[in-house]
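Respectively, the protein sequence lines represent chains A and B.
Position 301, counted from 1, in the first sequence is what my numbering calls 301; the numbers after and before it change by one each time, with no gaps.
Position 370, counted from 1, in the second sequence is what my numbering calls 370; the numbers after and before it change by one each time, with no gaps.
Everything labelled a hint here was simulated from the structure, so no lab data went into it.
Please note that the accuracy of each hint is not assured.
It does not matter which identical chain is used: a pair holds within one copy or between any two.
In silico DSSO-like cross-links for lysine-lysine, where the CA-CA straight-line distance does not exceed 30 angstroms [to be verified]: (1) K176 <-> K331; (2) K413 <-> K283; (3) K254 <-> K331; (4) K413 <-> K251; (5) K254 <-> K51; (6) K267 <-> K251; (7) K267 <-> K365; (8) K176 <-> K127; (9) K97 <-> K331; (10) K365 <-> K127; (11) K176 <-> K51.
This structure is a prediction, so every number in the text was calculated from the model and none was measured.
If you want the building blocks of each chain, they are given just below.
2 protein chains.
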Amino acid sequence: MRQSLLFVPTLREVPADAETVSHQYLLRGGYVKQNAAGIYTYLPLGLRVLKNVEMIVREELNAIGCSELLMPALQPAELWQESGRWDDYGAEMMRLKDRHDRQFCLGPTHEEVITSVTRDYINSYKKLPLALYQIQTKYRDEQRPRFGLMRGREFVMKDLYTFHASQDNLDEWYDKVAQAYQNIFTRCGLNFRKVEADSGAIGGSESAEFMVLSAIGEDTIIYSDTTDFAANSEVIDVAEGSQLPDGSVAKHAKGIEVGHIFKLGTKYSEAMNANFLDENGRKQPVIMGCYGIGVSRVVMAAIEQNHDELGVVWPSQLAPFDVHVIPVVMKQTAQVEAALEIYEQLQQAGLNVLFDDRDERAGVKFSDADLVGAPYRIVVGRGVSEGLVELKNRATNEAVEVTIAEAITLVTK
Amino acid sequence: MRQSLLFVPTLREVPADAETVSHQYLLRGGYVKQNAAGIYTYLPLGLRVLKNVEMIVREELNAIGCSELLMPALQPAELWQESGRWDDYGAEMMRLKDRHDRQFCLGPTHEEVITSVTRDYINSYKKLPLALYQIQTKYRDEQRPRFGLMRGREFVMKDLYTFHASQDNLDEWYDKVAQAYQNIFTRCGLNFRKVEADSGAIGGSESAEFMVLSAIGEDTIIYSDTTDFAANSEVIDVAEGSQLPDGSVAKHAKGIEVGHIFKLGTKYSEAMNANFLDENGRKQPVIMGCYGIGVSRVVMAAIEQNHDELGVVWPSQLAPFDVHVIPVVMKQTAQVEAALEIYEQLQQAGLNVLFDDRDERAGVKFSDADLVGAPYRIVVGRGVSEGLVELKNRATNEAVEVTIAEAITLVTK
Numbered sequence: 001m002r003q004s005l006l007f008v009p010t011l012r013e014v015p016a017d018a019e020t021v022s023h024q025y026l027l028r029g030g031y032v033k034q035n036a037a038g039i040y041t042y043l044p045l046g047l048r049v050l051k052n053v054e055m056i057v058r059e060e061l062n063a064i065g066c067s068e069l070l071m072p073a074l075q076p077a078e079l080w081q082e083s084g085r086w087d088d089y090g091a092e093m094m095r096l097k098d099r100h101d102r103q104f105c106l107g108p109t110h111e112e113v114i115t116s117v118t119r120d121y122i123n124s125y126k127k128l129p130l131a132l133y134q135i136q137t138k139y140r141d142e143q144r145p146r147f148g149l150m151r152g153r154e155f156v157m158k159d160l161y162t163f164h165a166s167q168d169n170l171d172e173w174y175d176k177v178a179q180a181y182q183n184i185f186t187r188c189g190l191n192f193r194k195v196e197a198d199s200g201a202i203g204g205s206e207s208a209e210f211m212v213l214s215a216i217g218e219d220t221i222i223y224s225d226t227t228d229f230a231a232n233s234e235v236i237d238v239a240e241g242s243q244l245p246d247g248s249v250a251k252h253a254k255g256i257e258v259g260h261i262f263k264l265g266t267k268y269s270e271a272m273n274a275n276f277l278d279e280n281g282r283k284q285p286v287i288m289g290c291y292g293i294g295v296s297r298v299v300m301a302a303i304e305q306n307h308d309e310l311g312v313v314w315p316s317q318l319a320p321f322d323v324h325v326i327p328v329v330m331k332q333t334a335q336v337e338a339a340l341e342i343y344e345q346l347q348q349a350g351l352n353v354l355f356d357d358r359d360e361r362a363g364v365k366f367s368d369a370d371l372v373g374a375p376y377r378i379v380v381g382r383g384v385s386e387g388l389v390e391l392k393n394r395a396t397n398e399a400v401e402v403t404i405a406e407a408i409t410l411v412t413k
Numbered sequence: 001m002r003q004s005l006l007f008v009p010t011l012r013e014v015p016a017d018a019e020t021v022s023h024q025y026l027l028r029g030g031y032v033k034q035n036a037a038g039i040y041t042y043l044p045l046g047l048r049v050l051k052n053v054e055m056i057v058r059e060e061l062n063a064i065g066c067s068e069l070l071m072p073a074l075q076p077a078e079l080w081q082e083s084g085r086w087d088d089y090g091a092e093m094m095r096l097k098d099r100h101d102r103q104f105c106l107g108p109t110h111e112e113v114i115t116s117v118t119r120d121y122i123n124s125y126k127k128l129p130l131a132l133y134q135i136q137t138k139y140r141d142e143q144r145p146r147f148g149l150m151r152g153r154e155f156v157m158k159d160l161y162t163f164h165a166s167q168d169n170l171d172e173w174y175d176k177v178a179q180a181y182q183n184i185f186t187r188c189g190l191n192f193r194k195v196e197a198d199s200g201a202i203g204g205s206e207s208a209e210f211m212v213l214s215a216i217g218e219d220t221i222i223y224s225d226t227t228d229f230a231a232n233s234e235v236i237d238v239a240e241g242s243q244l245p246d247g248s249v250a251k252h253a254k255g256i257e258v259g260h261i262f263k264l265g266t267k268y269s270e271a272m273n274a275n276f277l278d279e280n281g282r283k284q285p286v287i288m289g290c291y292g293i294g295v296s297r298v299v300m301a302a303i304e305q306n307h308d309e310l311g312v313v314w315p316s317q318l319a320p321f322d323v324h325v326i327p328v329v330m331k332q333t334a335q336v337e338a339a340l341e342i343y344e345q346l347q348q349a350g351l352n353v354l355f356d357d358r359d360e361r362a363g364v365k366f367s368d369a370d371l372v373g374a375p376y377r378i379v380v381g382r383g384v385s386e387g388l389v390e391l392k393n394r395a396t397n398e399a400v401e402v403t404i405a406e407a408i409t410l411v412t413k
């Protein structure tokens with residue numbers, strides 16, 4: 001990709017209203033632009049990162065047998081009246097009327113829609129289990145949107161719903177999804193904990209949250225380094241340093257919630273008449289689970305945990321580009337030609353390469369490159385007359401002078 | 001993909017309210033499900049086709065130097081007041097208020113948002129040209145939503161906006177995008193015409209529509225088989241059979257609009273103060289173009305032109321699966337094992353394969369397979385004891401008995 005055509009409006013100054021590092025770098029690096037409070041455009045760089053997260057989510061969910069669909073954002077009020085949540089949901093639900101005065105909401109979640117979509121089909125235990133997810137735009141009218149992509153009003157979520165003929169089968173899938181979540185957040189380069197949680201307004205019996213450890217987190221979690229135990233402070237009240245039920249020592253930390261998994265049970269299937277005939281021909285309500293990931297929030301959490309004073313240091317699987325190739329002076333034909341040759345060879349090797357073809361000063365190019373945060377940077381400057389380029393590792397900020405062939409080999413490896 | 005986990009709720013009966021072939025097959029084949037008038041869920045099969053169209057659109061636009069971003073659906077009224085369209089747009093725009101009583105709309109189009117997103121960045125001719133697109137959910141509160149995905153209220157569009165320092169550069173890009181559109185619709189297997197059009201409410205100087213020829217089309221177009229000439233009947237009034245200006249004979253046809261390209265000029269940049277400094281340091285309004293494709297409508301138009309009495313005959317690049325592998329009797333271990341072997345080999349060859357692992361009667365499996373419409377079907381039945389399977393071409397409905405190795409070779413070829 002040629003940078004002149006990419007639209008990366010980097011900012012030299014730290015935006016005044018951006019309180020967190022992730023929000024600052026998202027704005028400064030030209031990843032997102034705010035359109036209204038809590039409402040953002042994902043600029044080309046930001047969209048590339050978002051799509052990388054989405055791809056990881058898809059790969060891990062497809063691997064355990066989930067199928068992807070896409071439900072609408074506009075949901076008729078009747079469905080929410082069936083479940084009883086139309087009146088319960090409160091001011092966070094965005095509501096509107098169509099030209100015929102029928103009521104709709106902009107979906108904050110899709111339990112009602114997925115139940116209505118599947119209930120005719122799931123008429124027999126033979127159709128179960130089923131696991132359906134979407135990656136879709138959600139709406140929540142936050143009282144005070146803040147921290148950029150952390151608490152927005154229009155945001156991207158992955159929501160998965162599973163359907164079962166027995167509690168045992170739900171339990172089995174719940175564990176399978178929890179493992180897929182571990183894989184997803186690990187691949188996203190996050191330091192996180194799975195914690196026991198309160199199941200809140202969605203209802204159900206058992207649930208857990210996936211929390212990214214961060215000082216800007218809005219939840220307090222309690223965990224121990226010596227065991228897998230971790231819990232939300234709403235669930236268990238243990239002072240830091242005190243002994244936990246299993247004998248280990250409690251630590252407190254702040255967490256950003258990036259995932260949540262619930263055993264819903266039959267709350268929605270009973271309210272909305274989603275029944276199946278079991279092996280004995282008896283009518284039973286479908287047993288459900290639901291599982292969310294804040295896809296756009298993952299982007300933000302990844303930045304909180306992966307940055308330095310110059311910009312974002314992207315985990316390799318999230319980086320918008322693998323390599324950034326920069327000819328220092330565009331008027332120097334030898335530099336441009338060598339850089340183009342490197343660019344094309346790396347693209348042929350299947351890498352995502354950004355080529356800085358802009359006629360800008362070297363300082364501008366380098367500070368923009370720091371903000372873009374590609375794991376590798378190849379700078380083609382004066383040394384090219386001796387066949388040498390500079391290869392920089394963004395994570396360590398270490399640069400080495402190597403031949404063009406060495407640079408290509410090191411980066412593709 | 002194993003069919004038991006895919007969620008394909010096929011219907012035996014033609015739904016009463018579906019008037020067009022495409023709407024009928026989308027519902028009968030388990031591609032979409034209606035949630036409210038003009039509002040649909042894309043079920044797994046439908047989403048696969050939609051994503052195939054999206055991929056073709058991305059490939060062709062990226063190839064000419066466009067960059068992808070993602071703008072929000074929720075748009076603040078202030079932007080539309082700047083352009084003067086808030087009051088003009090009428091009842092088709094869905095409007096709502098947030099909890100602080102601020103007005104928003106659900107975007108039917110994004111000229112205002114893209115202009116506001118780019119206007120600070122495009123301060124110099126050096127930043128031009130720029131071509132930015134998104135594939136995103138749009139809203140239009142149709143008086144009478146109909147024909148399934150043809151005239152919906154929530155639908156998927158690709159909208160591209162280009163920015164230029166001169167009219168010549170806009171003209172050049174307009175032609176380049178028109179060519180990309182030709183490539184896109186050709187790859188989607190459509191028989192279409194590019195026609196001169198009225199530029200309507202969006203405003204601007206020159207525009208053209210891409211029309212798929214179909215009896216259910218809502219526009220009348222005039223064209224000739226011997227020249228490239230084609231026009232919307234709103235633009236030119238010529239009786240069928242009469243001579244056109246260029247001497248060829250006029251034909252009339254109905255068309256489904258799947259794409260529209262506009263030379264916007266400076267309508268939005270002047271209204272919204274999007275200016276740049278030209279080479280002489282003079283302030284000029286940015287010259288713009290805008291270009292839409294009805295992505296979900298393409299799916300529908302492709303079905304209108306590619307079906308038989310059994311179901312959809314997908315153009316190869318849109319098909320939800322390349323091959324459908326069907327063991328006839330799941331209790332026959334030899335059939336299932338051979339089918340699994342074929343399934344795995346085809347997957348390793350990089351094909352998208354659907355494996356019918358359902359314990360259903362052969363008749364059910366076959367009629368579902370007709371509705372799925374994969375270009376190739378491999379049926380593993382009794383013949384497997386002699387190493388033979390049936391290979392069926394969905395387009396011709398011709399079946400041949402071949403060895404397993406031959407089937408794999410023919411399909412991967």
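Hints the structure fails to honour: Structure breaks hints 2, 3, 4, 6, 7 and 9.
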